[in-house]
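Student: Letter by letter, the chains look like this.
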Amino acid sequence: MLRIKNLHAYYGRIRALENVSLHVRPGEIVSLIGANGAGKTTLLNSISGLIPCAEGEIYFEGRKITGLSSEKVVAAGISQVPEGRQIFHPLTVLENLQLGAYLRFKKKEKKAIERDMEWIFELFPRLKERVKQIAGTLSGGEQQMLAIGRALMARPKLLLLDEPSMGLAPLIVRDIMNTTSALRDKGVTILMVEQNARAALRISDRGYVLETGRVILQGSSEEILNDNEVKRAYLGKDYKTFWEGREKA
Amino acid sequence: MKCWDAENEQMNRECLEQVQLERLQSTLNRVHKNVSFYKKQFDELGIQPGAVASVEEITRFPFTSREDLSNNYPYGMFAVPLRDIVRISSSAGTTARPVVVGYTRNDLKLRNTITSRFLTAGGVVDTDVVQICLNPALSSLGRVLKEGAENIGASVMPMSHISTSKQLMVMQDYRTSVLLTTPSYAMHVLHVMEALGMDADSLALKAILTVGEPLIQDTRDKLESGFNVQVMAGYGPADLMGPAVAYECEKKNGLHISEDHFLLEIVDPDTGTPCAPGQVGEVVLTTLTVRAFPLIRFRTGDLASIFRDPCTCGRTLLRMHQVTGHTGGLLTIRGVKVHPAQIEKILKGIAEDFTPRFLLHLYKESYRDMLEIWLAINEAIFPDEMKVIENTLRTLRKQFFQLLGFEVMIKLVEPSTLKQYGKPSGGVIDNRFNS
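Just so you know, the protein sequences line up as chains A and B, in that order.
Counting in our numbering, the first sequence runs from 16 upward without gaps.
Counting in our numbering, the second sequence runs from 105 upward without gaps.
Isolated chain A (complex conformation) (with noise of 0.2 Å):
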């Protein structure tokens, strides 16, 4: 569905990117890991267009979509869930999420935008309970489900999610990774940045080890979590043993 090949970014001098080649089947949640400053928003940002790519290829359902801008990026089915949510404070969870169907409007669609408007609601109920609400004054989990919502309102078939997890407590952590998982069960394909490792790769499928902006690792799920290097590295077990090991030697 998505196919990158050697994807190169830079952010002035800096190369956030270098040679980065990854892909997303149908169906699929795949999981972006990494350190801070690896690279994996820099990722996501050259997908939607928010960033220039320097040099390399994505496709997008065999479509070649570098270098587009961000509408036409979504326009072609492609949603970000920005890290930080970046919902409009001021407005109601309801204007948030008609803004997030902005490009269907245009078009007419209304009808359509109601319906997934409901099945929004389904996904969420919070949010219906709150429709009238000024986002800002959600908590933290709910705006994170307003960010999701306002990012399904157009309807994408790939979902961009960034930082889903990012300062929420464990237990809306979970809520948030089932919902991820839900979504994917209803044909939304994902590809997920998240700095809480283990919780992102219990829910994915595949997921790829970006190191200061080179992919260093890729496998399922399954080996990526059993993969000593990545434990000690980003999912925080033997951390100490490691290294006073190392000392030794």
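Simulated from the structure, these hints should not be mistaken for laboratory data.
There's no promise every hint is true.
Chain A is faced by these chain B residues, among others (derived, beta-carbon under 8 Å) [as the list claims (entries may be wrong)]: (1) 210; (2) 436; (3) 469.
Straight line, CA to CA, 30 Å or less: simulated DSSO-like cross-link-like pairs of lysine-lysine [as the list claims (entries may be wrong)]: (4) B:355 - B:326; (5) B:250 - B:468; (6) A:246 - B:143; (7) B:356 - B:310; (8) B:452 - B:515; (9) B:502 - A:246; (10) A:246 - B:213; (11) B:144 - A:246; (12) B:449 - B:355; (13) B:515 - B:502; (14) A:201 - A:172; (15) B:310 - B:326.
Idealized CB from N, CA, C, for every residue including glycine.
We have chain A already, so just place chain B on it with the hints.
Tutor: This is chain B only, laid out in the frame that chain A set:
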């Protein structure tokens, strides 16, 4: 057709090429980061592992030889710390030092998947009784096969070192349905069966899957008619990557390469340049999914050709034809790879500063490979005392058995006898294939 891993064995070529590229890129990044041998090599040549934009660009990288493995003995080629290794497997190798391979838990799992592909393509199912007959020097290969067959759920008899007639008895009484062995040992079993007056119909055998040596058509025909079974082959540098880097399907027309796990190139053994499809050259392998012991462009010494036309079995994996013979003087005897230099090293051990002059005579006896070492007599080393000579020979035979896992004959000859063959010391007279 049966596939163990249909999703990957029948992946469309475009997806497969994407997967290969991704895995190659991350493997190169990882070895550059974790293996000092590769880091040094890449940096010295100014190769950026992060700049590989296509699988074809692998040709920019240097080869890894068996010598390199020997120089980095024992753990120098490992890409993970020893604490991540769950198995260490060692074999004699073909250089001065043994080959030591480590596996992480994931590595073992993946290798089982690959081995199961080979066995499934060969018709093995969970109700089969599988008997493994291999030379002791191929024990790591035997272990891989055992695990692959267990992974399928078959009932497996691991290798045991009993006589061929006992193997036949087991085969008959235990209702063995699949035999895993080398082509030459299978031929020997056939010969012994006929000599014992046993009838192939008294066996429950349905397939013989061969490893360790190339399966030539003549051998396949004889085995298939002699045992009334299907015979299919697997290929792989057994000590490093297992027996199923490539494997035959029921079409028996070339071995499907596990391209999602190995990048296989065929190169001219002398110049190292890539060969055209169909042209015979040396097999060069790059691992794509291995964690603990990744190898970049490893020169196997095996000869094969690759061809690109699709197979009617439904697998999209390209196929290769293996041919008999090796590059760089490497020999395969009863499936065991050996270099004449290893034999020379043992002979040198007879006395200090001794330079042995010898030839290797290979022939077949009741279809089994036999090795006879013709050693030139030297008075300094072999005095007239019978007792001393006997002792020396016994020690040598013991050492050769440890190296090869089978009995070797040593014939003492006059230096002039060796000269008449016109070969340098260490030369090979191979009469195995002229019948």
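Student: Hint by hint, work out which the structure violates, then give me just those numbers in ascending order.
Tutor: 2, 3, 9, 12
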